[in-house]
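Asks: Spelled out from the first residue to the last, the chains are:
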Amino acid sequence: MIKKLFSIITIVLFMLMVLPLITGIFPFEELSPVASHYVSEGADELGAANLVTSVIVTYRGLDTLGEVTVLFIATAGVGFLLRREEDMPDFSEKPQTGAAGAASDKGPGPEKKSGMGKTPGPEKAPVVRASLRESSELLLSGSMFLFPLLVLFGAYIFIHGHLTPGGGFQGGVVIASAMLLLMLARVSLHLNHLVLSFIESLSGLAYVAIGIAGIFLAAGFLDNRILPLGDFGTLLSAGAIPVIYSLIGLKVGTELTNILITMRGEEQS
Amino acid sequence: MKIVTIIGFLLVIIGAWGMLTRKNLIRIIIGFSIIDTGIHLIIVSIGYLQGRTAPIIDSTVDKATAVLRVVDPIPSALVLTAIVIGLAITALMLTYAVRMFREKRSLYIDDYKELKW
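Top line first, the protein sequences correspond to chains D and B.
Counting the first sequence from 1 gives a position; my numbering is that position plus 63.
Counting the second sequence from 1 gives a position; my numbering is that position plus 15.
Hints should not be assumed to be uniformly reliable.
[As the list claims (entries may be wrong)] When the alpha-carbon atoms are kept at most 27 Å apart in a straight line, the in silico DSS-like pairs for lysine-lysine are as follows: (1) Lys-131/B with Lys-119/B; (2) Lys-131/B with Lys-66/D; (3) Lys-78/B with Lys-67/D; (4) Lys-66/D with Lys-17/B; (5) Lys-128/B with Lys-17/B; (6) Lys-128/B with Lys-66/D; (7) Lys-67/D with Lys-38/B; (8) Lys-131/B with Lys-38/B; (9) Lys-17/B with Lys-119/B; (10) Lys-67/D with Lys-128/B; (11) Lys-38/B with Lys-66/D.
Treat the hints as calculated values from the structure; they're not laboratory data.
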């Protein structure tokens, strides 16, 4: 009861804290000076029809590099925390040499986990896999039909990021959802971790390399004018923006696919 | 005073309430996601200008009059960043939940007393 009271007090204080968001902020009548510069000059300076993209990729390009880094670190964290025990033999031995209570806590763990299968054993991975049944015909055919379309749509979104709504992150997520559909339909599917990590590292490296090329060939880090701006509103315009967004799309797509593979768990071999 | 700002505000409050009162780890993470969504709505609504269109220059919005006809592009860019980072944080939190479940076979927050005083 007292805990509930504390929760209510916290919520009320929190409401008071964020209340100025509703009462104190009035809608702008016109764009702020920075935004009006981006809108009025951005199209001529950078050649991107989608002004949000020009803000994300070039004007605030460093933020986006930081964002990609955060995503990378999160992926690394997911992979680190969910790694299989047989990959790290010294880690799984630690609870046995530690306190007796910890060892007895640890004891029933693997048995319960494999209890859904046939018999509790040291190798839990094959047991889990044996308990998975095949996907239905409907899901298999549907995923086979949708998978190429989804990948194509994702690629379309990130290649056209400078012209239409969308961009590298959205396109990458669409590609990752295509991979998720494939994983749902084919439970025993094995995606090559190494190839995915290779694509991810290579696109990240190329992104930073393009950014550094901007220092030498154009005005500064991540400047998109290292390539000719081209005709406004066409696919091959806006300098390096389509290149950067394609790299981000590949990186995000492979990164999220890696998260999905890791989260799918032990049946992965 | 805009309806989207108020909805975002309410979502932040609901999410904070969920995070404070729920005992299940998954529900706490859902509360975090709700707060996240509310903050996105608030940021987008701050950048919105009444009666204007998306900041994309095409046949209907030309370069010369774009300043008077489009919304602020900066909050949209910031929200994109926030969405991606929110996704990454949610994935990481769910991973922690999986990891904690592996240790004690429980998602109930009261079973974890190590950091309690």
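Asks: If a hint holds in the structure, say so; if it does not, say that too.
Replies: These are the hints, each one checked on the structure:
1. Lys-131/B with Lys-119/B: Holds, at roughly 16 Å.
2. Lys-131/B with Lys-66/D: Satisfied, since the Cα-Cα distance of roughly 14 Å is no more than 27 Å.
3. Lys-78/B with Lys-67/D: violated (56 Å)
4. Lys-66/D with Lys-17/B: The hint is violated at about 34 Å.
5. Lys-128/B with Lys-17/B: Violated, because 43 Å separates the two Cα atoms, which is more than 27 Å.
6. Lys-128/B with Lys-66/D: Status holds; Cα separation ~16 Å.
7. Lys-67/D with Lys-38/B: Holds. Lys-67/D to Lys-38/B sits at ~12 Å (cutoff 27 Å).
8. Lys-131/B with Lys-38/B: Holds, because 14 Å separates the two Cα atoms, which is no more than 27 Å.
9. Lys-17/B with Lys-119/B: Given pair Lys-17/B, Lys-119/B is violated - Cα atoms ~46 Å apart, limit 27 Å.
10. Lys-67/D with Lys-128/B: holds (19 Å)
11. Lys-38/B with Lys-66/D: OK: Lys-38/B and Lys-66/D at ~12 Å, within 27 Å.
Violated hints, in rising order: 3, 4, 5, 9; the structure is consistent with all others.
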